[in-house]
Amino acid sequence: MRINELIQPTSIEEAYALLQEHEDAKIAGGTLWMRLGQHDVERLIVLDGLGLDTITETNDDISIGAMVTLRQLETNPIIQTHLNGMLSRAAGSIMGVQVRNLATIGGSVIGNYSFSDIIPVLAVMDTTLVFHHQGEVPLDLFLSKRLSEPDILVAIRIRKQEGRGTVHKISRTELDFALLNVAVTHTDRWRIAIGSRPAGAAMATNAMAHLDQADRIDDQTIATAVELAMEEIKLSSNAKASQAYRRDLLSAHLRRALNEVK
Amino acid sequence: MKVTMTINHRQRELDVAPGEHLLDTLRNHHILSVKRGCDSSSCGVCTVLVDMKPVLSCSVLTARVAGKEILTVEGIHDFVETLAGYMGHEGADQCGFCNPALALTVYALKHEIPHPTLDDIRHYLLGNLCRCTGYQAQHIAILKCLEECA
Ligand SMILES: Cc1cc2nc3c(=O)[nH]c(=O)nc-3n(C[C@H](O)[C@H](O)[C@H](O)COP(=O)(O)OP(=O)(O)OC[C@H]3O[C@@H](n4cnc5c(N)ncnc54)[C@H](O)[C@@H]3O)c2cc1C
Ligand code: FES
Ligand code: FES
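Listed in order, the protein sequences are those of chains U and P.
Numbering-wise (the numbering used here), the first sequence opens with residue 1 and increments by one.
Numbering-wise (the numbering used here), the second sequence opens with residue 263 and increments by one.
Excised from the complex, chain U in its bound form:
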């Protein structure tokens, strides 16, 4: 990747105006993934120094600036405690500390990588994306529609919820992409997201509805929820794992994850 011009705007308004003005402009997160791409970047707009690198909370929400790094997610006490620290654990499982000090949550969300360890966790939380121009967009809407026009992700907002959460990342080595990600939360309702299928995160909506409607959560309820998830979640093969192996992983890890948070 070659970068021909680097622009450091002094406000988000200015950054957005530049993005509108120049079709060939791109927003920089940590540029880790962008750098691996083949395309040259004519104009790179960096958002450093614009206050997008903090994590704050109110009584109701946690707000994560788009430039917050994975390492900040891993070590921040607010993220470490919300829903059993599942977002902190997911971030901490990605590559080495040198990558996590650079890769941003903004780049991770906008990139929407099918191997993402972050998206399945955000998908089982009550997550809203805050864009400069489009304003608030629920994460599930963003995942299903993608961005219709260039915009700047300013923050990721998570509504605080009482309850429990867990994430299972299954990979061959600690530095490798996940063979499967299983993220589950149990708050006033159940949410289950399966990532690295190897396609991107999908919600197990029938399994979630079954758990929501159950009078009690026992072994049978969980077994049925796992069966429903196995029917509705499409898994396939790639160089890392076969479909059959992913099915075995899903069955075992979803059962364990549900038992952890029931």
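Treat each hint with caution, since some may be false.
[Claimed, not checked] Covered by chain P, according to a simulated footprint, are these stretches of chain U (three or more residues, beta-carbon under 8 Å):
#1 93 to 100
#2 118 to 129
[To be verified] Calculated pairs, EDC-like style, for lysine to aspartate or glutamate (alpha carbon to alpha carbon, straight line, at most 16 Å):
#3 160(U) / 57(U)
#4 330(P) / 5(U)
#5 262(U) / 231(U)
#6 315(P) / 331(P)
#7 262(U) / 151(U)
#8 264(P) / 5(U)
Simulated from the structure, these hints should not be mistaken for laboratory data.
Every residue gets a Cβ at the ideal spot worked out from N, C-alpha and C, and that includes glycine.
Once you have looked at the hints, place chain P with the ligands on chain U.
Relative to chain U, chain P with the ligands alone:
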């Protein structure tokens, strides 16, 4: 473009291209302890410290670290000498290609987690690949060094 930063405790003004990565800037200025391995964010041998945080210099744009403090092993000489003693004693030193990055990452670890366990060390150093030692001896040497020098 002109950028100013502190490299190994010395203020430097450098002329860099907009898309230039810190690894190239440092090596172009004869700081050759910073190695190029994969050049694709995976091996960790290009690690330097930016404001005491380990980052991959192959992936950081130099213009984005203007005003910051960059450390390579030349800037932490005393610590490197001490660590090298422990590494030698444990037989953790082989071709040495990964050593500068490892020493810098351990230096950052020491500041972030003053009394790390072996598990803390393993987790913190996951991104520092070594093709020779098999890691075990390195991690024991680092544990001893950090315990005895704390
Ligand atoms: C070697 C390697 C291994 C990895 N392994 C994993 C892994 O196992 N699991 C995992 O989950 N992730 C993994 N990642 C991905 C990593 O966690 C980040 O998600 C990725 O690097 C993107 O983040 P970034 O900050 O580098 O974004 P960039 O590369 O800077 O940007 C990515 C995209 O997002 C856009 N963008 C960035 N910020 C904004 C914003 N605020 N507003 C609008 N658009 C924006 C950019 O224009 C670009 O299109 C890996 C990355 C690398 C390099
Ligand atoms: S050279 Fe391998 S990570 Fe930078
Ligand atoms: S000692 Fe040879 S790469 Fe580590």
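We went through each hint and held it up to the structure:
Restraint check on the stretch 93 to 100 of chain U versus chain P: 5 residues with Cβ-Cβ distances below 8 Å, three needed, restraint holds. Judged by the Cβ-Cβ criterion of 8 Å, the stretch 118 to 129 of chain U is not covered by chain P as claimed, because only 0 of its residues qualify and three are needed. At most 16 Å may separate the alpha-carbon atoms for a hinted pair to count; residue 160(U) and residue 57(U) meet this at roughly 9 Å. Taken as a hint, the residue 330(P) and residue 5(U) pair is broken in the structure, with Cα atoms around 21 Å apart against an allowance of 16 Å.
Using a Cα cut-off of 16 Å, the hinted pair residue 262(U) and residue 231(U) is violated, with the two alpha carbons roughly 21 Å apart. The straight-line distance between the Cα atoms of residue 315(P) and residue 331(P) is roughly 10 Å, inside the 16 Å bound, and the hint therefore holds. With a C-alpha separation of about 39 Å, the suggested pairing of residue 262(U) with residue 151(U) is violated against the 16 Å cut-off. Using a Cα cut-off of 16 Å, the hinted pair residue 264(P) and residue 5(U) holds, with the two alpha carbons roughly 13 Å apart.
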